[in-house]
Every structure is written in C-alpha cells, then in structure tokens.
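Just so you know, we're using the numbering used here here: the sequence shown kicks off at 310 and counts up by one.
Do not rely on the hints blindly, as some may be mistaken.
30 Å max Cα-Cα, derived BS3-like pairs, lysine-lysine [as the list claims (entries may be wrong)]:
1) Lys495 <-> Lys330
2) Lys409 <-> Lys330
3) Lys409 <-> Lys495
Restraint ranges, calculated between C-beta atoms of paired labels, are given here [said to hold, decoys possible]:
4) Leu462 <-> Ser313: 28 to 36 Å
5) Trp441 <-> Ala492: 36 to 44 Å
6) Pro344 <-> Phe431: 36 to 44 Å
7) Ser371 <-> Gly346: 17 to 25 Å
Because the hints were derived from the structure by calculation, they are not lab data.
Quick reminder that beta carbons are idealized off the backbone N, C-alpha and C, glycines included.
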Amino acid sequence: IMMSVITSSYANVVSSFFSMKFQRSIEELLVSPVPNGVILAGYVAGGMARGLSIGVIVTLVSQVFTDFQIHSLALVAVTVVLTSALFSLGGFINAMLATKFDDISIVPTFVLTPLTYLGGVFYSIDLLPEFWQGVSMANPILYMINAFRYGFLGVSDVNVYAALGMILVFIVVLSVACLRMLARGKGIRH
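Just need the whole structure built from these sequences, with the hints factored in.
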C-alpha cells in the first residue's frame with residue numbers, strides 16, 4: 310500500500326511539472342501573478358490526490374485477497390497523507406532539476422528503490438548490526454514504513470511519534486527547497 314502511495318505521488322508531480330517544462334507552457338504559469346507557494350501547493354495537492362486515491366484502491370483490492378485488521382486508523386491515515394506530501398515534494402524537485410525525460414527516472418531507479426529495500430520494509434532493523442542500524446536511521450523511508458506498520462500491526466522499530474516528527478522535518482526541508490528553487494527559477498528559466 311505504502312509503495313503505491315509513494316510511487317504515485319512522486320510520479321504524478323514529476324510527470325506533470327516536467328511535461329509543462331518540456332512543452333514550455335510553464336512560462337505562462339511563471340508570468341502570471343500566482344505566488345510560488347500556490348504553484349507548489351497545487352502540484353503537491355495533485356500528487357497527494359493521486360497517491361491517496363491509489364492507496365485506497367490498493368487497500369480495497371487487498372481486502373479481497375486477505376483479511377487484515379488496522380491497529381490505528383488515524384495513524385495509518387496521517388502517515389499516508391504525510392508520505393504522499395513528502396514524495397510529491399520530492400517529485401517536484403526532480404522535475405525542476407530534470408532536463409530530459411530520462412532524468413525523471415533516475416531518482417525512482419537509483420534513490421527510491423534502494424532506500425525502500427534498505428528501509429526495513431522486509432525486515433526489522435533490530436536484526437542489523439549496530440553500525441547498519443545507525444545508517445538505517447538516516448533513511449526517511451524507515452520512518453514512514455515503521456509508522457505505517459505500527460498503524461496496522463501495533464509494532465514498530467522506532468518511536469512512532471519520532472517517526473512522524475522525522476517525516477514532518479523532511480516535508481519542511483523539501484518545501485523550503487522547492488520554494489527557493491521556484492524563487493530562483495532553478496531549472497525553469499533560461
């Protein structure tokens with residue numbers, strides 16, 4: 310469920326924004342009196358809408374094949390919303406920096422996939438040696454997965470509140486980066 314939310318949120322924003330850049334229709338948006346925060350909020354909201362709708366669909370389809378209980382529906386909902394926002398922002402940054410269509414597939418292939426496999430999705434980080442546990446703590450996906458896992462199972466490798474706090478920190482950092490890139494015209498003004 311979480312992987313579908315991550316990839317859908319990310320892909321929606323990166324493809325939408327880069328397509329506008331590629332077709333040069335981004336110039337119309339940039340010359341309009343729309344504040345950068347509104348531009349960013351619009352793209353992030355679109356990515357979140359797609360990510361959340363795909364997450365709901367995957368959850369409903371999963372219910373057909375298996376019966377599962379949710380330990381904390383509120384925590385699952387908050388985690389999914391924050392995760393979709395975070396990866397929408399990540400997609401926005403990738404789209405701003407991309408110069409050709411191949412560039413938009415670099416991050417999912419060489420960043421998201423390894424972080425997913427190293428983020429405790431298929432194992433508990435408690436099984437890792439102490440050094441690798443420390444390395445895993447720098448992985449933002451670890452916090453999303455553990456908060457989501459706790460929401461479903463009531464089990465987590467990290468403190469759930471710390472996990473939500475880390476997700477919020479990543480969202481703030483990426484939001485500031487996106488707004489600064491928009492203000493500077495990084496990758497969109499020639």
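Hints versus structure:
no.: 1; hint: Lys495 <-> Lys330; in the structure: holds (12 Å)
no.: 2; hint: Lys409 <-> Lys330; in the structure: holds (10 Å)
no.: 3; hint: Lys409 <-> Lys495; in the structure: holds (15 Å)
no.: 4; hint: Leu462 <-> Ser313: 28 to 36 Å; in the structure: violated (19 Å)
no.: 5; hint: Trp441 <-> Ala492: 36 to 44 Å; in the structure: holds (39 Å)
no.: 6; hint: Pro344 <-> Phe431: 36 to 44 Å; in the structure: holds (43 Å)
no.: 7; hint: Ser371 <-> Gly346: 17 to 25 Å; in the structure: violated (36 Å)
Checked against the numbered hints given earlier, this structure breaks hints 4, 7; the rest are met.
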